[in-house]
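**Student:** Each chain, letter by letter, is given below.
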Amino acid sequence: MDLIKARDVLFEYIRRDDEGNVEGITTALDHVSLDVKQGDFVCILGHNGSGKSTLAKHINALLYPEEGSIWVDGINTRDDEKILEVRRRAGMVFQNPDNQIIGQVVEEDVGFGPENLGVPTSEIWERVEESLKAVGMYEYREFSPNKLSGGQKQRVSIAGVLAMHPKCIVLDEPTAMLDPKGRKEVVRAVRGLNQVEGVTVILITHYMEETVHADKIFVMDKGKVVMQGPPKDIFSQVEALKELRLDVPQVTLLAYELKKRGLDLPDGILTVDEMVDELKKLKGI
Amino acid sequence: MSIVVDHVNFIYGADTEHSVHALKDVCLNISDGEFIGVIGHTGSGKSTLMQHLNGLLKASSGSIYFNGQDIYDKDYKLKDLRLKVGLVFQYPEHQLFETDVFSDIKFGPMNQGLTKKEAELRAYEALRMVDFPEEFYYASPFELSGGQKRRAAIAGVLAMNPEVLILDEPTAGLDPKGRFEILDQIKKLQTERHMTIILVSHSMEDVAEYVDRIVVMNNGEVFADGSPREIFGYVKELEAIGLSAPQIGYIARNLRRAGFALPDGIITVSEAADAIMEILG
Amino acid sequence: MIRDITIGQYYQTDSVIHRLDPRVKLLGTFIYIIMLFMMKNPAGYALAFLFLILVIKLSRVPLKFILKGMKSIVFILFITVFFNLFMTPGEELVRFWKITITDRGVANALTMTVRLSLLIIGSSMMTFTTTPNELTDGMEKGLRGLKKIKVPVHEMAMMMSIALRFIPILLEETDKIMKAQMARGADFESGGLIKRAKAMVPILVPLFVSAFRRANDLAMAMEARCYHGGEGRTKMKPLIYKRRDAVSYIILAVYVVLVFFLGRHAMFKVW
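Chains A, B and C, in that order, give the protein sequences. So the first sequence is numbered by the working numbering: it starts at 1 and just counts up by one. So the second sequence is numbered by the working numbering: it starts at 1001 and just counts up by one. So the third sequence is numbered by the working numbering: it starts at 2001 and just counts up by one.
To be clear, the hints were calculated from the coordinates, so they are not data collected in a lab. Keep in mind the model is a prediction, meaning the values are calculated, not measured. Just so it is clear, CB atoms sit at the ideal spot from N, CA and C, and this is done for glycine as well. Heads up, a few of these hints could be off.
Unchecked claim - Here are the simulated EDC-like pairs of lysine to aspartate or glutamate, each with C-alpha atoms no more than 16 Å apart in a straight line: (1) B:Lys1177 / A:Asp40; (2) A:Lys216 / A:Asp2; (3) A:Lys259 / B:Glu1271; (4) A:Lys259 / B:Glu1278; (5) A:Lys260 / B:Asp1274; (6) C:Lys2237 / A:Glu142; (7) A:Lys57 / A:Asp30; (8) B:Lys1084 / B:Glu1163; (9) A:Lys57 / C:Asp2217; (10) C:Lys2235 / A:Glu123; (11) A:Lys259 / B:Asp1274; (12) C:Lys2237 / A:Glu123; (13) C:Lys2198 / B:Glu1098; (14) A:Lys280 / B:Glu1278; (15) B:Lys1177 / A:Asp30; (16) A:Lys283 / B:Glu1098; (17) B:Lys1079 / C:Glu2189; (18) A:Lys181 / B:Glu1205; (19) C:Lys2235 / A:Glu23; (20) A:Lys242 / B:Glu1181; (21) A:Lys232 / A:Glu197; (22) B:Lys1077 / C:Glu2189; (23) B:Lys1188 / B:Glu1163.
Said to hold, decoys possible - Derived Cβ-Cβ restraints for the label pairs, each shown as a range: (24) B:Gln1069 / A:Lys280: 56 to 62 Å; (25) A:Tyr138 / C:Glu2231: 28 to 34 Å; (26) A:Tyr138 / B:Leu1280: 45 to 51 Å; (27) B:Asp1080 / C:Phe2075: 57 to 63 Å; (28) C:Asn2216 / A:Ser69: 35 to 41 Å; (29) C:Phe2075 / A:Lys147: 29 to 35 Å; (30) C:Gly2191 / A:Lys147: 55 to 61 Å.
With the hints as extra help, turn the sequences into a complete structure.
**Tutor:** What follows is the structure, given as structure tokens:
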């Protein structure tokens, strides 16, 4: 079943001058259609300004399409009555770890969502505990967020969404401001969510190596979905990716380079191990 | 131009209970025209060290010599040092404050005491150095795209005509496109203008392509100092301190383990491809 | 410098006072301050002093920590004493050059010193023993009656707690911006008042821009987490009165009665 369904979504940012006259229009989403299956791990790739963040905000009903529609778990995001239902089902984690933590203590921040939903006190505590454990931050429950590293803060934010028992979690470049260690922590936590808790994940990023384990990748450019498919298909189109100025992982580049020079390698090599195995086969060991 | 860092220690909040020994006996020699990458995870002391190089922080013990002069000498003017050693902080676009890009970039030269005319010349030159699009010279800095803002902010430091340029993660938060553009620009400053560049970064991949020398910081100490080839040979050691070599390093290592006779010091994709073709081709 | 000010800080330890319901502490502090201004004789102040000592003892906040906080207000105390001592008319006690000290002046200066010290220590006892969060919770619940007359109690409490959360972040940011502008040759130390005020512009503009950006991000993050005001909200840590809170209210009542008793009894009246 499709959890997220977008059909022909159009969204424009209109810039106005001081008198309110239209100065220019940026089409952030240009008739985007896509489907995300329940339980999938989906990545949206694209450089800044490609429209990927705008799309993310549509899934959470923070923005509404001007044309076309989006359904989350069968609910149209335009339905004002059900806006909280949409937001509860599709949680969102943003880029800047400092600007999305509301509580002054980790556990209180995680409890913020359930409080808003009117969950009874005893159940809030249960949800906070299980969510913090799911992202490996339970020992930090009494810490002030200001004492945590970037990666830890993002994991707290993920727990905050998880405590709302969402069906889907949208992460809008959650690793862009983190160091490599923080990035690894967050990606591991997100994969855990998907595999252990069965939450549908939509990860928006411009780091291609974070998308290696995705079920499906959408590549966006200038407000359009320009490529979609499993990582193996996407990664084998090195020329196209370079054209879009995406950061192709070195393994993929090497595979591409070797094939160009005549080595008989299969398409879509994604990891170091796959690469080494294939080369071993060629050498006959 | 030369900078000598001589047994520098720095302790944050020395007289409180929460004192942190941020730099431990750091020694470093930086000579004219070098392009140095400083690498280390968050809290390794790399940013603290950079703030010492232009006198924003004062070492608890040890000395720093700029062109042979002790910068802690009581006759030494730290303000002059700050003009010679330009420091671009992380997310430098957050410091833009003027109504248009051009005026913002003039801020530094004007503080130097240059006339308006001279400052304007400097601003033009700096904007050209970073390939800033001319149509935005008089735009509000707050209306620019992320990459353009970053460039304007870097130009703001370049306009002071520094001999040394230190950049603290100049590519943080940018997408790959913006990242390469900025790094290419920085490389050009070294090759064409012979500026000494110190680039602080988390990303081994970025650094491997551009710098001549890498300084690895860990726990406030200089953990390693050498050419990229030397440094990336130590995959295991780098991992032990929470860093990683470029992916290509892992491929080379695993292939060697699998019996491929690859030469040492492979750090780029084309080098790896050449070496593999040598064996399989 | 900022680090030296302990007023308004929370001192983490476990004590009866720390565990009290924040509403008790808020009301208690309020009453304590009002009583200080209603007292008319030394016996009252002695009682207030004893009461404070009791609270300090129970709170386990070290006296040294409390007195360290007082250092920063010595200046204010000094000014108060100065004005009261020299500016109060009354019977002349000492006179030199153009300055006269009167009996009323001495009495007023003494009273003000004692009153101010008790007031400041008394109210900082609340912040020493109550986290900002408990404080906002206490205010929200304690003042919820005001909702009936359309006072946005929940919103005010939420605003306060967000402000408290962002103060350290913005302080750090100020430091960063200041250093970055110094790296561009900015000078914050020299020059006259106007020049120095002007020098603040390169700090304040980026700081405001950043604060607005953060506010915008935060609003979006809160909305995304289904925040829609206080309506239908539950609490993770609801405030529930315990036995010790009831006992504290009784002690507070006894204190008020005693103050009034001392005030009325002519025997203790000195002036």
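**Student:** Can you confirm whether the C-alpha distance between lysine 259 of chain A and glutamate 1271 of chain B stays at or below 16 Å?
**Tutor:** Holds. Lysine 259 of chain A to glutamate 1271 of chain B sits at ~15 Å (cutoff 16 Å).
**Student:** Starting from lysine 280 of chain A, check that the Cα of glutamate 1278 of chain B is at most 16 Å away, please.
**Tutor:** Cα-Cα ~14 Å, so holds.
**Student:** Is lysine 283 of chain A within 16 Å of glutamate 1098 of chain B, Cα to Cα?
**Tutor:** violated, 62 Å
**Student:** For a C-alpha distance cap of 16 Å, please report whether lysine 2235 of chain C and glutamate 123 of chain A respect it.
**Tutor:** It holds: about 11 Å lies between the C-alpha atoms, which stays within 16 Å.
**Student:** Is the hinted pair lysine 1177 of chain B and aspartate 30 of chain A satisfied, with a Cα-Cα distance of at most 16 Å?
**Tutor:** violated, 22 Å
**Student:** Does the structure keep lysine 232 of chain A and glutamate 197 of chain A at a Cα separation of 16 Å or less?
**Tutor:** Violated, at about 25 Å.
**Student:** For the pair supplied as a hint, lysine 57 of chain A and aspartate 30 of chain A, is the alpha-carbon distance within the 16 Å limit?
**Tutor:** holds, 15 Å
**Student:** So the hint says 35 to 41 Å: do the beta-carbon atoms of asparagine 2216 of chain C and serine 69 of chain A match that?
**Tutor:** violated, 26 Å
**Student:** Indicate whether the distance between the beta carbons of phenylalanine 2075 of chain C and lysine 147 of chain A respects the range 29 to 35 Å.
**Tutor:** holds, 33 Å
**Student:** What's the verdict on lysine 242 of chain A and glutamate 1181 of chain B, does the C-alpha distance respect the 16 Å limit or exceed it?
**Tutor:** Holds, at roughly 14 Å.
**Student:** Can the suggested window of 55 to 61 Å be confirmed for the beta-carbon pair glycine 2191 of chain C and lysine 147 of chain A?
**Tutor:** violated, 38 Å
**Student:** Check the hint pairing lysine 2198 of chain C with glutamate 1098 of chain B against an upper bound of 16 Å on the C-alpha distance.
**Tutor:** holds, 13 Å
Hint compliance for this structure: hints 1, 15, 16, 19, 21, 27, 28, 30 are not met, and every other hint is.
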